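Listed below are the residues making up each chain.
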Amino acid sequence: MDIAFIIIAALTFVSALAAISLRNLVHCALSVAVTFVGLALLYLKLGAEFVGFAQIVVYVGAVAILIVFAILLTKSSETSNEPRYSRGAIWSGVVAAVAFAGLVAAISASQVSLTSSPVAPSASVEKIGQDLMSKYVLPLEAIGLLLTAALIGAVIIAMKEKPAEGDEQ
Amino acid sequence: MEFLDQIFIWTKTQVVGALPDVLQVPGSILLSILPIMAVFPLLFALTTVAERKILGRIQNRLGPNRVGPFGFLQWAADGIKTITKEDLVPRNADKIVHFLAPVALLAPVLLAYSVLPFGRGMYAIELDAGLLFFFAVGAGTELAVFMAGWSSRNKYSLLGAMRAVAQMISYELPLLLSAVSVVMIVGSLNPNEIVAAQEGFKGAGGLIPNWHVFTPWGLAGFGLFMIAAAAESNRSPFDLPEAESEIIAGYFVEYSGMKFATFFLAEYLGLFVISSLGIVLFLGGWHAPAPFALFEIVPSWAWFMGKLVTIIFCFIWVRGTLPRLRIDQLMNFAWKFMLPMTLINLLVVAIWQYALAWDFVGAGLLRWLICGGLLVGPYLALGQGLMNSRNWGKRTYRYAS
Amino acid sequence: MTPLEHYLILSSLLFCVGLAGALTRRNAIVVLISVELMLNAANLNFIAFWKFGVDPAATDGVMVVIFSIGIAAAEAAVGLALIIAVYRHFKTVNLDQINSMKG
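Protein chains in written order, with this note's numbering: chain A, 1 to 169; chain B, 1 to 401; chain C, 1 to 103.
Hint data in this document are derived by calculation from the structure and do not stem from the laboratory.
Relax, there's no trap hidden among the hints.
Calculated cross-link-like contacts (lysine to aspartate or glutamate; reagent style EDC-like; alpha-carbon spacing at most 20 Å): (1) A:Lys127 <-> B:Glu126; (2) A:Lys45 <-> A:Asp2; (3) C:Lys91 <-> A:Glu161; (4) C:Lys91 <-> A:Glu82; (5) B:Lys95 <-> A:Glu78; (6) A:Lys75 <-> C:Asp96; (7) A:Lys135 <-> C:Asp60; (8) B:Lys202 <-> B:Glu296; (9) A:Lys45 <-> C:Glu5; (10) A:Lys135 <-> C:Asp55; (11) B:Lys155 <-> B:Asp94; (12) A:Lys45 <-> C:Asp60; (13) A:Lys75 <-> B:Asp94; (14) A:Lys127 <-> C:Asp55; (15) A:Lys127 <-> C:Asp60; (16) A:Lys45 <-> B:Glu126; (17) B:Lys155 <-> A:Glu78; (18) B:Lys12 <-> B:Glu126; (19) A:Lys160 <-> B:Asp328; (20) B:Lys202 <-> B:Asp359; (21) A:Lys127 <-> B:Glu193; (22) A:Lys127 <-> B:Asp128; (23) B:Lys53 <-> B:Asp78; (24) C:Lys91 <-> A:Glu78; (25) B:Lys12 <-> B:Glu2; (26) A:Lys127 <-> A:Glu141; (27) B:Lys81 <-> B:Glu51; (28) A:Lys45 <-> B:Asp128.
For clarity, every value in this text was computed on a predicted model and none was experimentally measured.
Make the full structure from the sequences, and use the hints.
In structure tokens, the structure reads:
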């Protein structure tokens, strides 16, 4: 058994559990950042270096900080005394467990390992760049448009509204 | 002198060869890491003393001159003081996060040293996407700064941390984009290939090195990169988040003793590593600046260290000279000036690359004029435009009544 | 080399942890964190299948994950902006109390 895989997988799973169950929201945000790092390590182990580093730059460097800013801006950083889980949380937990059982059953019953090729695929940065410009140029432009629209939309939604002229009377 | 150039690599191969077979791989890894862990903290120690002395001279006073010859053992006295200081943790502080924050700040900074070549063949690891790895670990430091500021449960600490994170995020874009302009020309994210693309000499008589800083886009890119590097490592004139006279040391106000020393160490090590990246990208890495035989005797790592020390001196010089920027001035500068300039720099790189194919008489001068004009024009326009858009009213005086 | 099934089981485990978080917690920000966790689990699935794939020259798995990371970042930005706007109106991010369209 691969020791590195066991350690990284355990770290990722434990921090994911911590991210959904801790009471203090900032601890949740930091645990999910640890999960992102664990996943990046798994991508590196699978040989996808560019994706691993991009995951750290985007998720740990930007999304985790966005989450932290949102926690601070909604004043949720103090531990509240309200119950964490909604009513009927037990049934939701059962649904998630059933989903997991179903997925594991599907994985065990299928024969995925038989179709792998003898030579492991490798994606060098140059190949990724060439593919981005030739085969995937339309998704590239589309995601540029999407990111622009999302950022402008996010700024407009979160901006403080100026009071309308009629309210001053 | 080939031997002096490769003396460290030769030593390492000798030692690793003398180890038994089982220990060879761990021994090789350890011997790659140990020089970095030994040299750069020592450089940090000497830099703290040098900084205080140089700042003192700029401010018309002597720096520390008691401990050791001309005060150059001051770092040992400082080290003993920090180690023996009591480690205070506020009662309301979040103990685990408070403890982990210095570690979470130091670890990514040390990781970043591993991909840079400090001499011919002297790198710890060669990664295909080495530059992206560098920026990825740089992104890890932002979260650590927030951890430090929030866990102290102190209003000013949190305020300083938020300002520091906002500043680091804002300046990360110009930093990355000015590095991307180099990647566009070289065609690889590997720092070794970027250094290899800058060898050789050009110009009349073959005297000007082929470094990227001697091209119009390289000069602009180098300037933008160094400004963004100063902002990324919270260095004057961008040190509002940690200024002692403004916000009482900002996000590490509740740290004392060895943890404070770790923050200090991490900040300076971050400065060194980002200056080293600037040298690799723009100043030709470990290449000598002129093709004279005398310069070839000096080993490649000595050239790298010389360039690094020069850049550190320039940072100290700027710290002693320029006043501190306010937070809104910082953010305006990043988003309204540096980001458009880096985008224009990318355009200029593309035009330069296209214009390299011209070979009529006077092509070189025309290239320089076009690219230089495309950079200087927006620089002047943006500078004047941003300054004039503020409504400077008539100067009024208020007197106490 | 770890067999493919282990990666798939880990990714389905992470997905179900995210699902449980999204269904059970009351705080809107934790729900958003759980959604990000689910997206990450799917990304891991893509990379695992790419690594153990049929064609050694294919980069499809890596490409999909690159775009997925970008889209997830955009979605997190808009989602958090929405949470801030909702907080400004309802003065809470507790999902059980944001129910003024109910009944």
